[in-house]
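Start from the sequences and build out the full structure, keeping to the hints where you can.
When the letters of the sequence shown are read in order and numbered with full-length UniProt numbering, they come out as residues 1 to 100.
Derived from the structure by calculation, the hints contain no laboratory data.
In this text, a Cβ means the ideal position worked out from N, Cα and C, and glycines have one as well.
Take the hints with a grain of salt, since some may be wrong.
In the BS3-like style, the derived pairs of lysine-lysine whose C-alpha atoms are separated by at most 25 Å in a straight line are [what the hints assert, rightly or not]:
1. Lys56 with Lys87
2. Lys39 with Lys56
3. Lys39 with Lys64
If you anchor each label on the Cβ, the simulated ranges turn out as follows [as the list claims (entries may be wrong)]:
4. Arg82 with Gly60: 38 to 44 Å
5. Asp80 with Gly60: 39 to 45 Å
6. Asn84 with Glu35: 24 to 30 Å
7. Val88 with Ala32: 31 to 37 Å
8. Thr57 with Lys81: 38 to 44 Å
9. Asp80 with Glu35: 46 to 52 Å
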Amino acid sequence: FADGIGRRDNTEKIFMESSSSYNKEDFKHIDARYESVLKLAVFGVQCIRDRITLMKTTFGRNNKWHVMELRSAVIPTTWDKRSNMMKVLELLICLYVSTL
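Have a look at this one:
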């Protein structure tokens with residue numbers, strides 16, 4: 001979901017939402033410990049043309065969101081570019097290992 005797309009200084013800014021909107025948040029655990037919140041992570045996959053990027057969003061001790069790019073890969077679109085498939089597989093393995 002794109003929360004907002006805008007322009008500033010002749011550059012395009014795209015803000016993405018990695019979770020549901022505030023109205024759909026899970027309020028069952030509203031009394032959860034702060035330490036438990038710090039252990040949570042949301043993973044997102046961004047696709048732009050032939051490139052995919054794996055991102056991880058966490059909540060830090062400074063009460064700010066931390067967005068990290070874990071892996072990025074170019075999707076092979078021709079047989080000659082098949083060696084790029086290793087990076088795609090690394091991205092998938094990174095996602096799998098991060099969720100264990």
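Going down the list of hints, with the structure as the test:
1. Of the supplied pair hints, the one linking Lys56 and Lys87 holds, its CA atoms being roughly 17 Å apart against a limit of 25 Å.
2. For the given pair, Lys39 sits about 12 Å from Lys56 by alpha-carbon distance, which is consistent with the 25 Å threshold.
3. With a C-alpha separation of about 14 Å, the suggested pair Lys39 and Lys64 falls inside the 25 Å cut-off, and the hint holds.
4. Between Arg82 and Gly60, the C-beta spacing of about 39 Å keeps the proposed range 38 to 44 Å intact.
5. For the pair Asp80 and Gly60, the supplied restraint of 39 to 45 Å holds, since their beta-carbon distance comes to about 43 Å.
6. With their beta carbons about 40 Å apart, Asn84 and Glu35 fall outside the hinted range of 24 to 30 Å.
7. Separated by about 35 Å at the C-beta atoms, Val88 and Ala32 satisfy the suggested range of 31 to 37 Å.
8. The hinted range of 38 to 44 Å is not satisfied by Thr57 and Lys81, whose Cβ atoms lie roughly 30 Å apart.
9. Between Asp80 and Glu35 the CB atoms are about 50 Å apart, so this pair conforms to the stated range of 46 to 52 Å.
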